[in-house]
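Produce the entire structure from the sequences given, and follow the hints as far as they go.
Read top to bottom, the protein sequences are chains W and V.
Using our numbering, you'd call the opening residue of the first sequence number 1 and step up by one each time.
Using our numbering, you'd call the opening residue of the second sequence number 315 and step up by one each time.
Calculated directly from the structure, the hints in this document are not laboratory data.
Possibly wrong hints are sitting among the right ones.
Unchecked claim - Now the in silico label distances, taken between C-beta atoms and shown as ranges: (1) W:P154 with V:A370: 46 to 52 Å; (2) W:R122 with V:W363: 25 to 31 Å; (3) W:S92 with V:S444: 39 to 45 Å; (4) W:L148 with V:L345: 45 to 51 Å; (5) V:L345 with W:G210: 28 to 34 Å; (6) V:L350 with W:R250: 18 to 24 Å; (7) V:L345 with W:H118: 37 to 43 Å; (8) V:A487 with W:F17: 37 to 43 Å; (9) V:S444 with W:L148: 38 to 44 Å; (10) W:A197 with V:S444: 25 to 31 Å; (11) W:R122 with V:L345: 34 to 40 Å; (12) W:E297 with V:R447: 48 to 54 Å; (13) W:G244 with V:P342: 15 to 21 Å; (14) V:R447 with W:R122: 30 to 36 Å.
What the hints assert, rightly or not - Quick partial rundown of chain W residues pointing at chain V, CB under 8 Å, derived from the structure: (15) R87; (16) T109; (17) F125; (18) A171; (19) F172; (20) L209.
C-beta: ideal position from N, C-alpha, C; glycine also.
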Amino acid sequence: MSAAGSRLRDALRERRFAVTAELSPPRGADPDAVRRAARVLHDWVDAANVTDNQGAMVRLASWAGAVLALGEDVEPVMQLQCRDRNRMALQSDLLGAAALGITNVLLLTGDHQKFGDHPDARGVFDLDSVQLLWTARTMRDSGKLLSLKALKPPPDWLIGGVENPFAPPLAFRAERLGKKIAAGAEFVQTQYVFDVARFTEWMGAARELGLTQRCGILAGVGPIRSLRALDRMKQIPGIVIAPGIEARLRGVAEDRVLPESIAICAEIITELRAVPDLAGVHVMAFGAEHLVPEIVERAGLGRRAHAQVNEHVG
Amino acid sequence: METAVHARGAVERVEDRPVPTTPGISLPFALALQRLVRPNRVWYALAVWLEATPWAYRAFTFGEKLVKGKLFGCRMCAQCALPATAYACPMSCPKQLRNGPCGGVAVNGDCEVYPGLRCVWVVAYERAASAGRTADLRRLQRPIDQRAWGRSSWVNYWQHRDEGLWTAGSSFAPAPPIEPR
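Structure, rendered in structure tokens:
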């Protein structure tokens, strides 16, 4: 039923603590930028998310980035969002992904175009993320398009989504996860976790609804690389930075902010490993993939199993 | 180049531009009104007559738009989700999300695109919670038919065309395959 030969799928099924990371495609047509980032991540992640015009900024297409990552033996998670495509383009891109050997897709609504580099663009939003997850599962498991036309053969990928446990209405956030699972999500990655207590509360609510056994939940983490990055992240809708973390970053000398943020990120991962039923972490270093190995290593997670059978070094 | 937001913070309602709208009437009052327009033989007959009588359909649709636009920020998608969203219109969400809030809702509950206006899903959840109806929000909403914009949702509703808009259960069990309505 699910994708053949997927490291991420295997890690989730075997309940190994999974690690994924974000791989941001460049603004430009340089394939080596993607390859370099992929090589850095290779040993340390089960799969790498190739983002899709993230933050509503135009970048190299996620399917192309995913194919470049595959060339470096990095398993891609191809992100696909509803802002830039109607239901026809979404379905054809999903089929294309399957044909290119992309074994994981992550389906989301997408940031509003207002926040990106083309605020004058029309946002499509023909489907929402729940409807897109539902469509993908129907394509795979029932072999049908939204038009009911048959797919021969049907595509095959692991289907993922996203959730933000920190945005209002807080009491609805576990239920929203439930809707995504009912629609077809087999794994979800969350918004940055800076408040482990609130995250644990959300996980508890999800567990009470019987959701944590049906879906691999990966907690989003990442370093805040500078005080400028801190100010920028505070502006991004949906990211909540705990006051304690901000105080720690502002309490060190300017040149110590980066190492401090790496230390904080590794500490958060260590804390998260104690959260019952958590399937793994998703490291978002936005354009600084070179930081991922150190973060993963300091959190005590080490290289992934596939690293040993390959000549790549991190 | 934001032209719709005036200095005093009021938002101009531009057709085809979804602006988050807090309903002008309470949920109990909306539910009472709902009982009046519940499908029956009389409404069914009216709907059939309206569809057969272009001038009457136009007049009726104009009136519906006026009333629902004022109360709910209705944009006439013609596939009314209001009964399942505590009467907060999801088509007034800038992303037109019919299945719940996006991840960008501000800590104070405001819409990320229109700070100062409440997220329609925050409003929907609060209204549903106060009436013990949050299970409504768990239903999966199917994709809408984009051909129907500008048509009358009441005429569709009275002729039972809205029945496939959302799933029946609210248990998070795997949903049946998605199908066109």
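Now the hints, each set against the structure:
no., hint, result
1, W:P154 with V:A370: 46 to 52 Å, "47 Å, holds"
2, W:R122 with V:W363: 25 to 31 Å, "37 Å, violated"
3, W:S92 with V:S444: 39 to 45 Å, "44 Å, holds"
4, W:L148 with V:L345: 45 to 51 Å, "35 Å, violated"
5, V:L345 with W:G210: 28 to 34 Å, "30 Å, holds"
6, V:L350 with W:R250: 18 to 24 Å, "59 Å, violated"
7, V:L345 with W:H118: 37 to 43 Å, "42 Å, holds"
8, V:A487 with W:F17: 37 to 43 Å, "28 Å, violated"
9, V:S444 with W:L148: 38 to 44 Å, "40 Å, holds"
10, W:A197 with V:S444: 25 to 31 Å, "27 Å, holds"
11, W:R122 with V:L345: 34 to 40 Å, "36 Å, holds"
12, W:E297 with V:R447: 48 to 54 Å, "49 Å, holds"
13, W:G244 with V:P342: 15 to 21 Å, "43 Å, violated"
14, V:R447 with W:R122: 30 to 36 Å, "34 Å, holds"
15, R87, "7 Å, holds"
16, T109, "6 Å, holds"
17, F125, "5 Å, holds"
18, A171, "7 Å, holds"
19, F172, "5 Å, holds"
20, L209, "6 Å, holds"
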